[in-house]
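Residues per chain, in single letters:
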Amino acid sequence: MRVSAARFIPASVRFPESEARQDAWGRILELQSNRARFLTRTRLEKGDRLSLSFDLPGEPMKDISAEVSAGERDEDGYYLCVLLFSDSADRVRLGRVLQKILVRS
Amino acid sequence: MADIGIIARDAIARGELRLIVEELGYRAVPAKDIKTALEALGTERPKLFVVAQSEAENISESLLAELEREAPFLPVITAMRERKAARAMELMRAGVFEVVAPPWSAESLGPCLSKALRFKGTQMEVVSPAEEKKGVLQYFLLAFALLVFAVGYSAYDKRSKLALKAGLDRPVTEWDLPYNHPSGLAFDGKTLWVSDWFSQSMYTHHTGDLKVLRTVHFPREIPGAMTFAGDALWVAAQPRSIIKHMLDDTLKVVGRFKDARPQSVAMTYDGLYLWTIDHQKGMMHKRILNEGLSVVESFKYPGAKGVALTFDGQALWSLDGGNKELLRHELSRPARATKRLPLPMYRGGDWKPTGLAFRDGGFWTVAESIPKGERPGRIFWHEIPKDEAKDK
Numbered sequence: 098m099r100v101s102a103a104r105f106i107p108a109s110v111r112f113p114e115s116e117a118r119q120d121a122w123g124r125i126l127e128l129q130s131n132r133a134r135f136l137t138r139t140r141l142e143k144g145d146r147l148s149l150s151f152d153l154p155g156e157p158m159k160d161i162s163a164e165v166s167a168g169e170r171d172e173d174g175y176y177l178c179v180l181l182f183s184d185s186a187d188r189v190r191l192g193r194v195l196q197k198i199l200v201r202s
Numbered sequence: 303m304a305d306i307g308i309i310a311r312d313a314i315a316r317g318e319l320r321l322i323v324e325e326l327g328y329r330a331v332p333a334k335d336i337k338t339a340l341e342a343l344g345t346e347r348p349k350l351f352v353v354a355q356s357e358a359e360n361i362s363e364s365l366l367a368e369l370e371r372e373a374p375f376l377p378v379i380t381a382m383r384e385r386k387a388a389r390a391m392e393l394m395r396a397g398v399f400e401v402v403a404p405p406w407s408a409e410s411l412g413p414c415l416s417k418a419l420r421f422k423g424t425q426m427e428v429v430s431p432a433e434e435k436k437g438v439l440q441y442f443l444l445a446f447a448l449l450v451f452a453v454g455y456s457a458y459d460k461r462s463k464l465a466l467k468a469g470l471d472r473p474v475t476e477w478d479l480p481y482n483h484p485s486g487l488a489f490d491g492k493t494l495w496v497s498d499w500f501s502q503s504m505y506t507h508h509t510g511d512l513k514v515l516r517t518v519h520f521p522r523e524i525p526g527a528m529t530f531a532g533d534a535l536w537v538a539a540q541p542r543s544i545i546k547h548m549l550d551d552t553l554k555v556v557g558r559f560k561d562a563r564p565q566s567v568a569m570t571y572d573g574l575y576l577w578t579i580d581h582q583k584g585m586m587h588k589r590i591l592n593e594g595l596s597v598v599e600s601f602k603y604p605g606a607k608g609v610a611l612t613f614d615g616q617a618l619w620s621l622d623g624g625n626k627e628l629l630r631h632e633l634s635r636p637a638r639a640t641k642r643l644p645l646p647m648y649r650g651g652d653w654k655p656t657g658l659a660f661r662d663g664g665f666w667t668v669a670e671s672i673p674k675g676e677r678p679g680r681i682f683w684h685e686i687p688k689d690e691a692k693d694k
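Which chain is which? The protein sequence lines are A and B, in order. Just so we're aligned: 120 in our numbering is position 23 of the first sequence, and the numbers increase by one with no gaps anywhere. Just so we're aligned: 461 in our numbering is position 159 of the second sequence, and the numbers increase by one with no gaps anywhere.
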């Protein structure tokens with residue numbers, strides 16, 4: 098079962114393993130409990146580790162650990178990436194929240 | 303060329319953003335505050351707004367609230383004076399399309415403008431009650447056809463959809479061709495010319511009912527893109543050659559040249575230069591009408607996969623087969639698309655566009671079916687929406 102939000106969910110990005118990299122932001126195009134498709138102006142490459150924060154209805158998701166599993170630059174110059182959520186606790190929590198949203202939709 | 307509204311209280315910031323927007327090939331409509339910007343909304347019709355603001359200011363939120371009444375779907379891009387991810391998130395949650403961090407430059411702002419102008423949201427349509435009734439009938443007949451299919455009639459023909467459409471008294475905007483592999487399209491002012499790579503033939507069609515008026519077989523070439531230039535028909539043919547045909551009854555070959563920039567998949571003539579696209583390398587080439595069409599200048603194609611070109615008397619238009627869009631290019635700066643018109647009939651993935659031709663008010667495109675040549679080729683007519691034609 099899939100639902101579509103009224104608009105794309107914005108998300109902020111931190112790079113905890115690389116202090117030199119500035120915080121960034123973008124939008125989540127697709128979200129599952131274990132992965133997300135993410136569109137951003139910030140250069141992201143395969144293997145980059147990051148923390149993703151975003152709000153789901155009634156539930157803020159803060160510092161979800163993720164790794165870029167694939168990324169490409171689109172013709173507008175944006176980076177379209179697949180993020181895999183690496184922490185199993187995050188995946189379980191996200192799965193519960195998504196389940197609630199799906200049930201209510 | 304799209305108009306971009308700029309709101310910046312500070313004259314220096316306003317000037318800075320204006321320069322960047324103009325450098326990117328857009329027309330800037332600067333304003334010092336929201337009130338002035340909204341006044342411009344009625345006269346200049348900007349396609350989006352760029353707002354300069356600091357972290358503490360809320361100009362973008364106020365603008366969004368005002369636009370909710372005036373133009374609710376107009377994108378707003380915020381150019382922040384400080385880089386603050388948390389504030390950027392707040393703004394995006396409030397409805398801002400994108401937030402640009404300092405330093406502002408053509409490199410940082412260009413992709414955001416391009417994305418905001420192209421990114422389409424939910425498509426909405428008002429359906430009149432009469433059309434709704436017909437729609438129900440359409441679905442009923444379609445469901446019936448599927449039922450027939452389910453009980454064993456395997457040949458569910460998509461033409462039935464066309465027949466249904468024709469029954470609704472809508473103007474015909476697509477025609478099946480009597481051949482399956484169209485590869486190029488050109489308009490000579492009276493008739494449509496279509497090349498077919500499989501039959502190695504050139505067909506001319508009446509523009510009203512698309513009936514075939516003439517067929518010419520080319521035994522030595524596999525024709526593709528083509529255009530009329532200097533009283534001749536120029537054809538990009540495989541393998542990697544350019545053929546010049548006299549415009550007589552047999553289209554006699556008067557020149558056969560090695561293509562200086564193969565493989566040309568799109569071709570048009572602007573009255574002075576001949577333009578081609580090499581979609582493998584993603585380049586547009588400006589060429590002169592000599593042997594082999596020497597390249598005088600090359601440009602990066604601003605789309606995913608240019609497959610066809612035409613000229614409307616003022617600007618070049620290309621068919622982007624990757625994004626299923628028509629792109630308009632100024633002759634002076636073809637590397638930047640100044641307009642993008644979506645082609646919904648190609649979104650379903652049933653057709654691969656191969657040719658494009660212009661006539662006042664719209665375009666024809668020609669397409670090969672997917673999988674390749676399994677069904678007859680098709681010509682589509684695309685009317686240019688009046689509001690799009692106005693700002694040409």
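Simulated from the structure, these hints should not be mistaken for lab results. Be careful, since some hints might not be right.
Here are the computed lysine-lysine pairs in the DSS-like style, where the Cα-Cα straight-line distance is at most 25 Å [claimed, not checked]:
(1) B/LYS386 x A/LYS159
(2) B/LYS417 x A/LYS143
(3) B/LYS674 x B/LYS641
Residues of chain A placed beyond 10 Å of chain B at every Cβ, according to the derived structure [as the list claims (entries may be wrong)]:
(4) ALA108
(5) VAL110
(6) GLU114
(7) GLN119
(8) GLN129
(9) ASP145
(10) VAL165
(11) ASP187
By construction, the Cβ of each residue, glycine as well, lies at the ideal position given by its N, Cα and C atoms.
Verification of the supplied hints:
no. : hint                : result
1   : B/LYS386 x A/LYS159 : holds, 17 Å
2   : B/LYS417 x A/LYS143 : holds, 23 Å
3   : B/LYS674 x B/LYS641 : violated, 30 Å
4   : ALA108              : violated, 8 Å
5   : VAL110              : violated, 7 Å
6   : GLU114              : holds, 17 Å
7   : GLN119              : violated, 6 Å
8   : GLN129              : holds, 21 Å
9   : ASP145              : holds, 16 Å
10  : VAL165              : holds, 18 Å
11  : ASP187              : holds, 19 Å
Hint check: violations occur at hints 3, 4, 5, 7; the rest are consistent with the structure.
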